[in-house]
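When you get a sec, could you build the whole thing from the sequences and use the hints?
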Amino acid sequence: MGLFLLALLIFTSLPFLGTVQLTEKVMIEQLNEQELGNLQTRLNESLVGKEFSNSISFSNAFEDIFNEINEELKAKEDWDNVMWTPVKDISLKLVRSSTIGPPVDNKWLLLFLTFGLGIIGSLIYILSDLKLKGPPGIKNDGIYHDSATNRGWIGILTGVWLVTFYILLYFNPSTIANMIAIADPLKQLFIPTEQASKWFLYGLLYTTSMTVMGIRMIIKYRHNRYQIVRTITVVLFQIIFAFLLVEILPMFDLPGKDLKNAWPLDYYFLFEWNVQNLFDSGNFGKFIFVWGIVLSIIIVPTMVYFFGKRWYCSWVCGCGGLAETLGDPYRHLSNKKMWTWKMERWMIHGVLVFAIIMTIFTGYLTYNVFNNPEMDGKEMLFGISAYDVRSWYGFLIGSIFAGVIGTGFYPILGSRSWCRFGCPLAAYMGIVQRFKSRFRITTNGGQCISCGNCSTYCEQGIDVRAYAQKGQNIVRSSCVGCGVCSAVCPRGVLKLENGPEEGRFGNEGPIVLGNNGFKLNQ
Amino acid sequence: MSKVVIIGNGVAGITAARHIRKLSDDEIVVISAESDYFFSRTALMYVFMGHMRFEDIQPYEAWFWEKNRIDLKNGLVTEIITDNKTLLMSNGETINYDKLILATGSKPNKFGWPGQDLKGVQGLYSKQDLESIEENVKAAKTAVLIGGGLIGVELAEMLITRGVKVIFLVRENNFWGGVLPKEESELIGRHIKKHHVDLRFNEELDEIIADDNGRVKEIRTKKGEIIPCEIVGLTAGVSPNVDFIKGSGIDVERGVVINTFFETNVQDVYAIGDCAQFKTGVDGRKNIEQVWYTGRIMGETLAQTITGNKKAYTPGPWFNSAKFFDIEYQTYGWVFAKMKEGEIDFYWEHKSGEIALHIVWDESTGLFKGINVFGIRLRHDLFDKWLNESASIETVMQNLKTANFDPEFYRLYEEEIINAFNTKTNLNIQLKPKSWWRNLITN
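Heads up: the protein sequence lines correspond to chains A and B, in order. Each residue of the first sequence is one higher than the last, beginning at 1 in this note's numbering. Each residue of the second sequence is one higher than the last, beginning at 1 in this note's numbering.
Treat the hints with caution; some may be incorrect.
What the hints assert, rightly or not - With beta-carbon atoms standing in for the labels, derived distance ranges:
no., chain 1, residue 1, chain 2, residue 2, range
1, B, 171, A, 228, 58 to 64 Å
2, B, 93, A, 228, 53 to 59 Å
3, B, 64, A, 385, 44 to 50 Å
Since the hints were derived computationally from the structure, they do not count as laboratory data. Ideal placement from N, C-alpha and C gives every residue a C-beta, glycine not left out.
Have a look at this one:
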C-alpha cells in the first residue's frame with residue numbers, strides 16, 4: 001500500500017516537475033503558418049526564451065496571448081485569420097516540446113516510479129488478501145466500516161482526485177503534459193517516431209487499472225468460476241481490442257479502431273471524419289465500417305436475445321470492464337431506492353434519444369460531405385448545425401457524463417452510474433433484454449430470507465431482493481449480468497440463466513414456494 | 001371492515017399484514033417495541049460485519065407502509081385484555097382490536113446459569129442484541145459461545161471479523177448434532193476450526209463470573225476449567241417470547257397454544273411464527289417452528305383466514321438453508337440426525353472435505369425422503385415437486401444435473417456422485433442430460 005501511495009504521489013506531482021522554455025525553433029516547428037503569422041511577434045516578445053516554473057504557468061501565459069489576439073481578429077471580423085484550432089491542443093503541443101528537466105530526461109525511470117511501483121505496490125497488497133482474508137468465500141467484511149468504501153473521507157478524496165484528473169485530461173491537457181510525456185517510451189515501442197497522446201496515457205492508465213484490479217477481483221471471487229471466467233474475458237478484451245489493436249493497427253497504416261465499440265456507445269461512428277478516415281483506409285477501413293453497422297444492428301440484439309446484455313456490458317465493454325474491476329470496491333454505493341429507478345428510466349432513455357438525434361444530424365452531414373460536396377450549409381438540418389449538436393453531445397454525454405461523473409464519482413455514486421443512467425447502448429440493449437430475451441435471474445423457490453445482500457451489492461441499483469422474496473425471477477432492462485447477486489447470496493437463491501422465453505418471469509404471484517395450503521395465481 | 005392488530009413486526013407478522021392488505025380493506029396496525037420497520041432478522045450478522053448498513057436489511061422503503069396503509073406503531077404491549085379486546089401499552093395508551101395476531105417471536109434461551117444476566121453476556125436475536133454486541137466488542141479480546149447451533153456459528157463468524165478470539169463450547173460431541181447426521185456435523189466442525197474458532201465438544205457452562213463492575217471476566221466450565229473472556233454468547237437455541245401474554249386468559253404453554261388454523265382458545269386471537277405452539281405438530285413437524293420460512297408460510301396462511309377464506313396450516317415439503325462461514329447448506333425433505341426405521345442413505349463427500357451430498361430414501365418402496373447438500377445449490381421447485389409427488393430415489397438421482405442450481409461455469413460433481421452411488425447401491429442409474437427444468441415440471 002505504501003508503494004502504491006508513493007507511486008501515486010510521484011504521478012500526481014509530475015505536473016510540477018521540470019520547467020518550460022519555448023525556443024524559436026520549436027515555435028516555428030509546432031505552429032502552422034497562420035498561427036505563426038498571428039502569434040510570432042507577440043510570442044517572441046513575451047514568451048520565447050523565458051523560463052516558466054511549470055506547464056501551468058506557461059500555458060496560462062500562452063493562452064492569454066492566443067485568446068487576446070484571436071479576440072482582436074474576431075472584433076475586426078478578419079475571418080481569414082481567426083484561428084479555429086482549440087487553444088488547449090496548441091498549448092499542449094508546445095508544452096510537450098518545450099519541457100526541460102526530469103520529466104523528459106528520465107522518462108523510463110519515472111514510468112517505473114509511477115506505473116511500475118504502483119503496479120508492484122497494488123499487487124503486493126492484493127495478493128496479501130489471499131492469506132489475510134482467510135479461505136475462499138464472500139469476504140465483504142468491514143466494507144461499510146472503511147472510509148474508503150463508505151463515502152468517508154478517503155472515498156471523497158479518491159473521488160476528488162479522479163474528477164480532477166478527468167477534467168484536466170478532457171479540458172486542460174497541457175497541465176498534465178508531463179504525465180503524458182512519461183508514456184512516450186511505451187508509445188515508441190509501437191511507433192518509434194511518435195509521441196504519446198493524452199489518449200495513449202488514458203488508455204494505458206485504464207488498461208493497467210483494469211488488469212491490476214482484475215487480479216484483485218479474481219482473488220476475491222476465487223471460489224466462483226463465473227466471476228473468474230468473466231473477469232479474465234473482460235480484461236482481455238480491454239487489453240487486446242481497446243489497447244493493443246488500437247496501437248498495432250496504425251503500425252500497418254490501418255485505422256486504429258476499437259473493434260468492439262458499438263454504436264451508440266461509439267457515438268462518432270457516423271461523423272464525417274470517421275467515415276472519411278475509414279474509406280481512405282482501403283478495404284480494411286470499409287470492412288470496419290460494415291462491421292460497425294452489422295455489430296450494432298444485428299450482432300448486438302441477437303446476442304442480447306440469447307445471453308442478455310451481459311455478453312457486452314460485463315464481458316466485453318471497456319466502461320463495464322473498468323466498473324467490474326476498479327469499481328468493484330464501490331459497487332454497493334449505487335442507490336437502490338424506487339425514485340432512482342424512476343429517474344434512471346427517464347435519463348438513460350433520454351440519452352438514447354439524444355444519441356439517435358445526434359446521429360441523424362451527423363449522418364445527414366456525412367451524407368452531404370460525400371454526395372453533395374458543393375452544397376452550402378451541408379451541416380444544417382431544421383435550422384440547427386450538426387456541428388453544434390455533436391459538440392454538445394460530446395461535451396455533455398461523452399466527456400462529462402461518461403468520464404467525469406461515470407468514473408470520477410465511483411467512490412460516491414457507485415461503479416456503474418454511467419452504465420445505469422447514461423449509456424445509450426445499454427439503453428438499447430436493455431429494451432431488447434426486457435422484452436425479447438432468453439436471459440433472466442432465476443429465484444430459487446422460497447429460499448429467500450430477505451437479507452438484502454443481493455440488492456446491496458447490485459452495482460446497477462436493482463432491488464433484487466424485492467423480486468427474490470416474492471419468488472419472482474428478475475427480468476430487468478438494467479441488469480448487466482455481473483453475477484454478484486448470485487455470488488453474495490448466502491442461501492443459494494439466485495442463478496443467472498438463459499432459457500426459453502416462456503415462463504421467464506417465473507412465479508408472478510405473491511405466494512412463494514413452500515406453502516401447499518392454497519395457490520393464488522392459477 | 002375490521003381492525004386487525006398484529007403484535008410483532010418480524011417476518012410472520014409482516015407477511016400476514018401484507019397479505020391481509022392484498023386481500024382486504026381491513027385497518028391494519030402492527031406494533032413493535034424492537035424497531036420502527038421490518039428488518040431481516042437473519043441478516044443482523046451482516047450489519048455487524050460491515051457488509052451492509054442496518055437500513056439495507058429492511059426489505060421495504062418507508063413509503064411502502066404508507067402506500068399500503070399498514071400502520072406501524074413503535075411501542076411495547078404490556079397487557080392484553082381479551083374481554084373488551086384492548087391492548088395496554090407501556091406508555092399508558094390503549095389500542096383496541098377486532099382481531100389480534102400474536103407474532104412476538106422468540107428470545108434466547110437462558111437455562112438458569114449463574115451470572116447469565118451480567119454485562120457482556122448476551123444472545124443474538126434482536127436489533128437490541130446487535131447494538132449491545134457492538135458495545136461489548138469494543139473491549140473484547142476473547143469470547144466464549146455456549147451452545148452448538150446456527151446462531152452460535154453466526155456469532156463466531158461475526159466476532160472473528162473483529163479480531164476477537166472465539167471459544168465455542170458445545171455440549172454434544174458433534175456440531176449441531178441434533179439436526180445434522182454425523183458426517184455433516186464433522187464436515188461443518190472441521191470448517192469452523194479452519195476459521196480459527198476454538199471449537200470444543202462435550203463442554204458445558206457451569207458459571208459466569210463477574211468482575212467488580214458487574215461485567216463478565218471469566219467463565220467456569222462443568223469440567224472446572226476457568227476461561228477468561230469479555231463476551232459470553234448464549235446461543236443454545238431460542239424459546240417463545242410470551243411472558244406478557246401469560247395471565248391474559250390466552251392459553252400459553254411454552255408458546256401460545258393454537259390449532260391448525262392458528263386460533264388460540266380466545267375468540268379472534270391468533271398466533272403465528274416463533275411464538276406459536278401447535279397442539280400437535282403438523283405433518284410430523286415440531287410443534288414450535290422457529291424458522292424464517294415457516295413464519296412466512298404461517299403469515300401467508302393466516303391472512304387467508306382473517307380475510308374470510310378459512311385455511312389450515314398446510315406447509316409443503318420441509319426445506320431449510322443456512323450458511324456456515326463459507327459453506328452453504330440446503331435441505332429438502334427430511335434427513336434426520338438419526339435415520340428412521342426402514343430408511344437407507346447415501347453420503348458423498350468431495351475430497352476437499354467441504355462439499356457433500358446426503359440423500360435418504362425408503363428401503364422397501366424406494367421413495368425419496370430427503371437430501372442435504374453442502375457447497376452445492378439445488379433447485380427448490382424440483383425437489384418440492386418430487387416430494388409432493390412421492391418421486392423415487394431413481395428419479396432424483398437420474399435428474400441430478402437438472403436439479404443443480406450452481407452458477408454457470410461451476411465445477412459439477414454429478415458424475416462422481418452417481419458413480420459412487422451406483423457402486424454403493426449396486427444400482428445402475430444413468431444421469432439424464434441436463435434438461436431445462438421447466439420441461440420436467442410440465443411433463
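Hints, verified against the model:
1. B:171 - A:228: 58 to 64 Å: Violated, since residue 171 (chain B) and residue 228 (chain A) (Cβ atoms, about 41 Å apart) do not stay within the stated range.
2. B:93 - A:228: 53 to 59 Å: holds, 58 Å
3. B:64 - A:385: 44 to 50 Å: holds, 49 Å
Going through the hint list in order, the structure does not satisfy hint 1, though it satisfies all others.
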